[in-house]
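S.K.: We have chain A; now place chain B onto it with these hints.
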Amino acid sequence: MDYSILLAQAVLNGLVIGVMYMLMAVGFTLVFGIMRVVNFAHGEFYMLGAFTGFFTYVYWEIPFIVCLLIAALTIGILGMLVERTLIQPFRSDEMSGMIATLAISVIIQNGAVLLWGPQPRAMPDIVTGTLAIGPFSFPWSRLVVIAAAALIFTAFWLFMQRTRLGRAMRAVAQDTETALIQGIRVNYIYPLAFGMSVALAALAGALMGPVFSVSPFVGLTPMLKAFVVVILGGLGSVPGAVVGGLLLGMIESFTATIFGSLMSDILQLLLVILILLVRPAGLLGQREA
Amino acid sequence: MEGSSIATMGRDEPRLAPRRRLLPAAVLVIVLAAALILPQLTSNQFYIHLANLMLLNSIFAVSLGLIASVGQISLGHAAFVAAGAYVSALAALSFKLPPILGIVLAGLVTGLAAVLLGKILLRLRGVYFVLVTFLAGQVFTLIVLNWESVTHGANGLLGIPAISIFGLPLSTRLRFYYFALAAFIIVVTFVWALMRSQYGRAFRSIAENVRLAESSGIDVSHYQIVAFALGSGIAGAAGAAMVHYIRFLSPDSFTFNDSIAYITMLVVGGRHTMIGGVLGALFLTPLPELFRGFVGAQHIIYGVILLSVLLFIPNGLVSIGRSFFSKGSEPETPK
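Quick mapping for you: the protein sequence lines, in order, are chains A and B. Letter by letter, the first sequence follows residues 1 to 289 in my numbering. Letter by letter, the second sequence follows residues 1 to 335 in my numbering.
By construction, these hints were calculated from the structure, which means they are not laboratory data. The reader is advised that the hints may include incorrect statements.
[To be verified] Listed next, the stretches of chain A that the computed footprint assigns to chain B, with coverage defined by at least 3 CB atoms under 8 Å from CB atoms of chain B:
1. 82–90
2. 93–102
3. 161–167
4. 170–178
5. 266–277
[Unchecked claim] Not the full set, but computed from the structure, chain A residues with beta-carbon under 7 Å of chain B:
6. 38
7. 106
8. 262
Note that beta-carbon positions come from the ideal geometry of N, C-alpha and C, so glycine has one too.
This is chain A alone, in the form it adopts within the complex:
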């Protein structure tokens, strides 16, 4: 009996962090697939999203769903501006673009320290109470996170599959030049894709605000995990990011329950290095030409 409760709890925790990793990794892999840019600042947009969610929810006392919308919009627009001004100049140079995102990450993180201080802030839960099914009880606050993340991803997936813009993005990811010939305006697609990507990160940050705490340093772990996920799933592959995210969440939750969280982190990173050795393109990725 004890074991089954422990197991259920591990599954729930695994799902919560899994969906967060999924949202992070989907955005990260989208930008890499379309722009060939490795965005080292991805975690900082997560952090900005968490702060936006925190301030709007705690100080303005508006419904949380509106907070989420505000976070996605403001951070998305910020992302577009960042892409347009700071990343676009390096389009032909993968390495410089990557170093530029490193610089952006350093500036955003330390700017946040300067503005809001380094100490973590606790954010109140959005909903309270638990859902009881037989002997198990699940807190609603966690279930809401999972449901919201699933909804957000579904919306993103429909956008990518069903709209003209989504199709254009996928076309650019497949072959930029051919897309250009077909009349797709790559110069609009790039900032838009980057904005969407960081908006997903911001949504993940705002959703996780009540689960963890909010501080300028909360972006590092999700970003690290996004790296792990995209290597697991294949860099540039959205389905790979989904599978990899959920898988990593589960692995993390179970190894942490058994071995403790530090050991769990080490095991995950060793797993990545192993995967790279055996299958460098990732589980669902395609070998690069």
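M.R.: Structure of chain B alone, referenced to chain A:
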């Protein structure tokens, strides 16, 4: 700009050759003399400390530049620095190994580790390599934190002895300065000679075009492992030297932020030349001192400088100096 100066260089080479060789030599002698004498003129310990850090950072940046010279950027460089520091510090504390031997040992161990790691990681190119060096750096930090029986975890190692040469302990800042200067000169001379050798030519051709180099019969992975091992080994030895100077070591001593700082120095100075790392380190090490008292401001300034250099002078400070010199030493060429 670049093209025209190369063109004139080729044409005017015979006439300008003696002057071209004399000027750098004279500059070198003056700089060296200044480096030897200047510290004697100041009694301010802080300036000497800053000079020591500049020399050590130069070595870190140059060793990273060596890895970058085959077209790979390592985001785990600080982990090798830390690994060297731990090897030497633990050898000195547990086995009473003289620090000077500890530094050599640290260089060998980190170099060897880089060979093994390189055999695995260097199959990955470009972005994947960067991501994995980043992750490997994180693994290293986690292991150090976790392995408390050896590394004392987050508490760190205290009472690490100073380097001593022939019974003379380098316990003052000034004495260490001359040691660091000698180490710096050895490293720079070594890298300079290496880059002029057959190895250097192979490195450059790999950086320029991996596939072309490979199809020309250059054993790319061999040269990449050599560059990675030498760069990491030098970083490890320099990390060991630094820990016998600072005499305290914890997992926070060398972190991901330091890896970024080394990259910043390299890029700001000019990542395609050896001297670039030196210039970057000399320029960026003292800079934060101007902005003391603002928490986090130092990192922001590093970030802003890094971005501006990438955007406006992609070849780094070296390229400014070069265009200045080429304007000064030869007449403007007609098109």
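S.K.: Could you run down the list of hints and mark each one as holding or not?
M.R.: Do the hints match the structure? See the list:
no., hint, result
1, 82–90, "holds (count 3)"
2, 93–102, "holds (count 7)"
3, 161–167, "violated (count 0)"
4, 170–178, "violated (count 0)"
5, 266–277, "holds (count 7)"
6, 38, "5 Å, holds"
7, 106, "4 Å, holds"
8, 262, "5 Å, holds"
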